[in-house]
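Chemist: Given next are the chains, with one letter for each unit.
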Amino acid sequence: AQSVTQLDSQVPVFEEAPVELRCNYSSSVSVYLFWYVQYPNQGLQLLLKYLSGSTLVKGINGFEAEFNKSQTSFHLRKPSVHISDTAEYFCAVSDGPGRGSTLGRLYFGRGTQLTVWP
Amino acid sequence: EAQVTQNPRYLITVTGKKLTVTCSQNMNHEYMSWYRQDPGLGLRQIYYSMNVEVTDKGDVPEGYKVSRKEKRNFPLILESPSPNQTSLYFCASRRREQGYGYTFGSGTRLTVV
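Line order of the protein sequences matches chains X and C.
Numbered by my numbering, the letters in the first sequence go through residues 1056 to 1173 in order.
Numbered by my numbering, the letters in the second sequence go through residues 535 to 647 in order.
Hints in this document: simulated from the structure, not taken from any laboratory.
Since no wrong hints were added, every one of them can be taken at face value.
Derived pair list, reagent style BS3-like, types lysine-lysine, alpha-carbon separation capped at 27 Å:
(1) K1104(X) to K605(C)
(2) K551(C) to K603(C)
(3) K605(C) to K591(C)
(4) K591(C) to K1104(X)
When you get a sec, could you build the whole thing from the sequences and use the hints?
Modeler: If you want it as structure tokens, here you go:
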């Protein structure tokens, strides 16, 4: 089974500052990687995903993430945050091609609460 | 509108009283899954289904049952709820092809007293 570590449970930043939310996963074999966002009292919305190819992935709302296979990391970044980015962010991992026994599994980290202050 | 619909949104029940949380998706997705979300623990997978009549356990299946008799529906059944099942529950679905992210419902907040 995969395990996902989000290194910061809370990240407070001021508006227009850059932010990085860190995520590490356990397996170095083929994986698919996701970031989800959860606004208060809502379900989860997919921000971006990495399947293959370019290690820099762009998502919605100006977020991007970089896949680093050697460090088994998938950190999320935004160059300038807005108050509306205040939400909880979840990193998630699923097994990549060929690992049929776990096709339905998606493993989540514990979440990072991003709070943007004016 | 493509969506995953869960009902009810909020539920308060007593220990031991059987309940069912319904989940329906209109995207013809093969995969469906149930998660529970608890503070500080993130989301943990309870059960998932890869197609009709095909289900498997996730990380925390104890105390839950599921069934997948139709492609669009994936109900979560608590035969004898206990207070430690008080949680926020999410249903999700996705296409069969690997690499597609799950689409999540809006959640069901369950309180067992």
